[in-house]
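**Q** Okay, so the sequence shown: first residue is 831 according to the numbering used here, each after it adds one.
Everything labelled a hint here was simulated from the structure, so no lab data went into it.
Virtual Cβ for every residue (Gly too), placed ideally from N, Cα, C.
Check before you lean on any hint, since a few could be wrong.
As the list claims (entries may be wrong) - Per label pair, the in silico range of CB-to-CB distance: (1) Lys947 x Ser865: 28 to 34 Å; (2) Thr952 x Arg931: 15 to 21 Å; (3) Phe925 x Ile862: 30 to 36 Å; (4) Gln939 x Ser852: 27 to 33 Å; (5) Leu928 x Arg901: 16 to 22 Å; (6) Thr952 x Lys859: 15 to 21 Å; (7) Glu886 x Ile953: 28 to 34 Å; (8) Phe949 x Leu922: 24 to 30 Å; (9) Asp863 x Lys951: 19 to 25 Å; (10) Ile953 x Gln877: 27 to 33 Å.
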Amino acid sequence: MNQSHDLNNVIIFDGVCVLCNSLVDFLIKKDIDHSFKFLTAQSSLGQRLIYTVGMELQTAETRLIFIDKNRLRIKSDAVIAILIKLGSGYKLARFLYLVPRVIRDFCYQFVATRRYKWFGKTIQCRIPTESDVDRSLE
Numbered sequence: 831m832n833q834s835h836d837l838n839n840v841i842i843f844d845g846v847c848v849l850c851n852s853l854v855d856f857l858i859k860k861d862i863d864h865s866f867k868f869l870t871a872q873s874s875l876g877q878r879l880i881y882t883v884g885m886e887l888q889t890a891e892t893r894l895i896f897i898d899k900n901r902l903r904i905k906s907d908a909v910i911a912i913l914i915k916l917g918s919g920y921k922l923a924r925f926l927y928l929v930p931r932v933i934r935d936f937c938y939q940f941v942a943t944r945r946y947k948w949f950g951k952t953i954q955c956r957i958p959t960e961s962d963v964d965r966s967l968e
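Let's have the full structure, built from the sequences with the hints guiding it.
**A** Here you go:
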C-alpha cells in the first residue's frame with residue numbers, strides 16, 4: 831500500500847453505528863470533489879490501520895478517525911478537520927478550535943458513548959452503493 835497516496839483523506843468510522851453511517855452519507859453528498867475515502871473500523875483493512883496507529887479496536891469504534899496527509903486526527907479534531915476539508919461554509923468550523931479540546935472532546939465522547947442508544951445500531955456494516963463504491967477502501 832502506498833501510504834502517501836492511500837492514507838490521505840481517509841475516514842475510519844464505526845460501520846454499524848446509524849449516526850456514523852448518516853455522517854458518511856452526508857459527507858458523500860457534500861464532498862463533490864470526491865476527496866474522502868471511507869473505511870469501517872470493523873473491516874480487515876480498518877483493523878490493520880487501527881493497529882498500526884497503536885489504538886485498540888474497541889477504543890477506535892467510539893472514535894471517528896481522520897487521516898489527512900498521514901496525520902492522525904481523532905474525536906473533535908477529526909470532525910473539525912473533516913468539515914474544514916469540505917470547504918465552502920463548513921470552513922467556519924475552524925472557529926471550533928477556539929473551544930478548548932478538553933471541552934470539545936468531552937462533548938464528542940458524551941454523544942459517542944450514547945450513539946447506539948440514541949440513534950441505533952445496524953446488523954451489518956455499511957455497504958457502499960454503486961455511486962460511492964469508488965470512495966470505499968474496503
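**Q** Each hint needs a verdict: does it hold in this structure or not?
**A** Do the hints match the structure? See the list:
no. : hint                        : in the structure
1   : Lys947 x Ser865: 28 to 34 Å : 32 Å, holds
2   : Thr952 x Arg931: 15 to 21 Å : 30 Å, violated
3   : Phe925 x Ile862: 30 to 36 Å : 23 Å, violated
4   : Gln939 x Ser852: 27 to 33 Å : 19 Å, violated
5   : Leu928 x Arg901: 16 to 22 Å : 21 Å, holds
6   : Thr952 x Lys859: 15 to 21 Å : 19 Å, holds
7   : Glu886 x Ile953: 28 to 34 Å : 23 Å, violated
8   : Phe949 x Leu922: 24 to 30 Å : 25 Å, holds
9   : Asp863 x Lys951: 19 to 25 Å : 31 Å, violated
10  : Ile953 x Gln877: 27 to 33 Å : 19 Å, violated
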